[in-house]
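One-letter residues, chain by chain:
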Amino acid sequence: MTGNGIDAGGVEVASTELAIEARGLVKRFDGFTAVDGVDISVPKGSIYGILGPNGAGKTTTLRMLLGIIDPDQGYRRVLGHERPTDVARRIGYLPEERGLYPAMKAYEAIGFLAALRGVPLKEGRRKGRELLEAHGLGYAADRQIRQMSKGMAQTVQLLGTLVHEPDLVVFDEPFSGLDALNQGKLERMIRDLAARGTTVIFSTHVIAHAERLCDQVAIIAGGKVPFAGPVDVARDRLRPQVRLETRAQDGVWRAALPADARHEGAFWHFTLPETGVEPLLRALIEGNAGILSLSIERAGLHDAFVAIAGEAAAKALEESAGEPK
Amino acid sequence: MSGFAEKLRAAMVIARRDFVAVVFSKTFIFFLIGPVFPVLVGGLAGSIGGKVQQNVERPTIGLAMSADDSRAMLGARTELQGRVPGMIPEIVVLREIAPGETFDARAALADGDRPVSAVLGGTLEKPLLTAPGERARQWVGVVSNLAARARSATPTDYPAVAVEEVTTSVAKVKTGQIYTAQAAQVMLFLLTMLLAGMVLSNLVEEKGNKIIEVLAAAIPMDAMFMGKLFAMLAVSLVGIAVWGGVGGAIVLAGARNLPTMSVPAVGWPLFLTLAFLYFAMAYLLMGSLFLSIGGMATTVREVQTLSMPVSMFQLMVFFFASFALTSPGTWIDWASIIFPVSSPYAMLARAAQYPDVWPHVVALGWQVLWVIVIVRAGAQLFRRTVMKSGPSTAKRSIWSRLRRAKAY
Numbered sequence: 001m002t003g004n005g006i007d008a009g010g011v012e013v014a015s016t017e018l019a020i021e022a023r024g025l026v027k028r029f030d031g032f033t034a035v036d037g038v039d040i041s042v043p044k045g046s047i048y049g050i051l052g053p054n055g056a057g058k059t060t061t062l063r064m065l066l067g068i069i070d071p072d073q074g075y076r077r078v079l080g081h082e083r084p085t086d087v088a089r090r091i092g093y094l095p096e097e098r099g100l101y102p103a104m105k106a107y108e109a110i111g112f113l114a115a116l117r118g119v120p121l122k123e124g125r126r127k128g129r130e131l132l133e134a135h136g137l138g139y140a141a142d143r144q145i146r147q148m149s150k151g152m153a154q155t156v157q158l159l160g161t162l163v164h165e166p167d168l169v170v171f172d173e174p175f176s177g178l179d180a181l182n183q184g185k186l187e188r189m190i191r192d193l194a195a196r197g198t199t200v201i202f203s204t205h206v207i208a209h210a211e212r213l214c215d216q217v218a219i220i221a222g223g224k225v226p227f228a229g230p231v232d233v234a235r236d237r238l239r240p241q242v243r244l245e246t247r248a249q250d251g252v253w254r255a256a257l258p259a260d261a262r263h264e265g266a267f268w269h270f271t272l273p274e275t276g277v278e279p280l281l282r283a284l285i286e287g288n289a290g291i292l293s294l295s296i297e298r299a300g301l302h303d304a305f306v307a308i309a310g311e312a313a314a315k316a317l318e319e320s321a322g323e324p325k
Numbered sequence: 001m002s003g004f005a006e007k008l009r010a011a012m013v014i015a016r017r018d019f020v021a022v023v024f025s026k027t028f029i030f031f032l033i034g035p036v037f038p039v040l041v042g043g044l045a046g047s048i049g050g051k052v053q054q055n056v057e058r059p060t061i062g063l064a065m066s067a068d069d070s071r072a073m074l075g076a077r078t079e080l081q082g083r084v085p086g087m088i089p090e091i092v093v094l095r096e097i098a099p100g101e102t103f104d105a106r107a108a109l110a111d112g113d114r115p116v117s118a119v120l121g122g123t124l125e126k127p128l129l130t131a132p133g134e135r136a137r138q139w140v141g142v143v144s145n146l147a148a149r150a151r152s153a154t155p156t157d158y159p160a161v162a163v164e165e166v167t168t169s170v171a172k173v174k175t176g177q178i179y180t181a182q183a184a185q186v187m188l189f190l191l192t193m194l195l196a197g198m199v200l201s202n203l204v205e206e207k208g209n210k211i212i213e214v215l216a217a218a219i220p221m222d223a224m225f226m227g228k229l230f231a232m233l234a235v236s237l238v239g240i241a242v243w244g245g246v247g248g249a250i251v252l253a254g255a256r257n258l259p260t261m262s263v264p265a266v267g268w269p270l271f272l273t274l275a276f277l278y279f280a281m282a283y284l285l286m287g288s289l290f291l292s293i294g295g296m297a298t299t300v301r302e303v304q305t306l307s308m309p310v311s312m313f314q315l316m317v318f319f320f321a322s323f324a325l326t327s328p329g330t331w332i333d334w335a336s337i338i339f340p341v342s343s344p345y346a347m348l349a350r351a352a353q354y355p356d357v358w359p360h361v362v363a364l365g366w367q368v369l370w371v372i373v374i375v376r377a378g379a380q381l382f383r384r385t386v387m388k389s390g391p392s393t394a395k396r397s398i399w400s401r402l403r404r405a406k407a408y
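Line by line, the protein sequences give chains F and D.
Each residue of the first sequence is one higher than the one before, starting from 1 at the first, in my numbering.
Each residue of the second sequence is one higher than the one before, starting from 1 at the first, in my numbering.
Since the hints were derived computationally from the structure, they do not count as laboratory data.
C-beta: ideal position from N, C-alpha, C; glycine also.
None of the hints are false.
Here are some, though not all, of the chain F residues that point toward chain D, as calculated from beta-carbon distances under 7 Å:
id, residue
1, L66
2, I68
3, I69
4, T85
5, A88
6, Y93
7, P95
8, E97
9, A115
10, R117
Bound conformation, chain F alone:
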């Protein structure tokens, strides 16, 4: 398949500029449709989030994109190849359920993960020691995984995911199980990867992570993706909210306010009219409203999620965030 890809957000992107392109992915397990017609376009070098509650189909989607399982229907192209396993050497993957061989030493584990991706074992082990040193774990390089704390072992696996310098990194719920300090470190690492041109795609049920990190998101609920595209486009699905404070309590300027405007305390709250801010301002000034303050706030990703996926999905998302993983 060549040409351009159009994501659910209506953004057209040249296929050659896409790290991942998926159309109509469907996966059923025992009669249950886990993923139902997912379309995703991930531009190269971007940070892309798959946002949805537990059980929405995030992991199944990622597994199909990685070639761990094959879709029942649909088409996928990863780094220009229709069979993701053909480009496995250029991909790094950190699954949600993390694990390493407990008897391996930290540098051996990284070397092994590198060898799986085509790096000679000796070189992988050398890089493993370097990475551990660079991330403050040099002292534990010869320690067995079973002798490490959970956090240290997770860091080792993360380094093993990146040791072969992949073009595409896939994280499944990367922040789950991490404390705030390590979440911050991981966020910085993801930004650094993207800055170096690596494409990063991750799944999450925490809106804040997606909002802070992602260039684009796919909102997934019930196996369907009602929106996929830039975060700004998602937020722009909702009209900005206006908060207005005036000296005059009444006048002809009131006619410029939309019908849903409500007065709370000293402020008027309403959705910015589709005509934009300039006609509103003109009407307020010409009508002698006496503007004391006026702020226009864009909708957050949470509001956008509610608007796109619905209240039920938003509630499930909040519950997912509260569940221990």
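Chain F is already provided as a structure; the job is to place chain D on it using the hints.
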């Protein structure tokens, strides 16, 4: 890098990891002393094999006498057989000798088309038994008795049997080669039973460690299966080398004189080479089946439950191949050669008995093909039934997985 080369490389990464993990573990020492138990099993299997051997050997005397004498000898044999069943050798007429005609008994003993253990010539009054020394001494009395009864229903005069000893006979060689074939089958069975079962639990570790998903994303699943099989085969060969070394040292030290085995039909060097190859094939065939079945198991308990039926399956394959040894040239023999998991056993026995080499090339190719087929099918089944997301899948039993796999 081509697809095959990439798979081979990935398989070697897995094989190296598994090999090191097993051989450098503390428990490997228990693995090395493990054969004490199968040696006991081997003793039991040997007694069963002895029974099989009785059916295989069928000692036969070939007659080269006049038509009347031959008829009389066959009649006497039938009569004596009725009185002492199982004690009288088979008798077949090689040729009815006309007066003045000579017969080359040594040539008849060397004739592989109609293998006999001894040739009885001369007359009823002066029988001449041509046979290897041990066999001749064993049958002198029987032949005298038979000749006496052939002459008279109530014998009083038992003729002296002249003996012409030969060094060996085709029948003796054949019998010895059957011993060799049987011994090789037993050894092959013991080693595969002892070693192939280990593969059952091989994927449980990866599932328990949750590293399976990383492996599945990084390398083709069939490469992972192959790597695991290679690793366990290499571990097994280490064990065999150690056991063989210790056994050889004991023999060299003269602790015990082992019975000498007949030279296999293909000769010892090629036979040992084929034994190595057929062990590898038997291991890979059984191992790929067990790995595929074990891959469906989610817990160690499920693997333990599977161990018994798996051992029974191995026993059945062994008995099938052993039984086929007693029926050369029949459909059972061919079935044991064609059926992939019994093929290595049947072909190793064949190497002991027949000198042709090309059937082994074909058989090894056939077995390799089946290893690939089973590994690919097992890997596909694993991907379809195990690599799903969601906790409910992880807890699903092997039976449920296999049942549901039909839906795909």
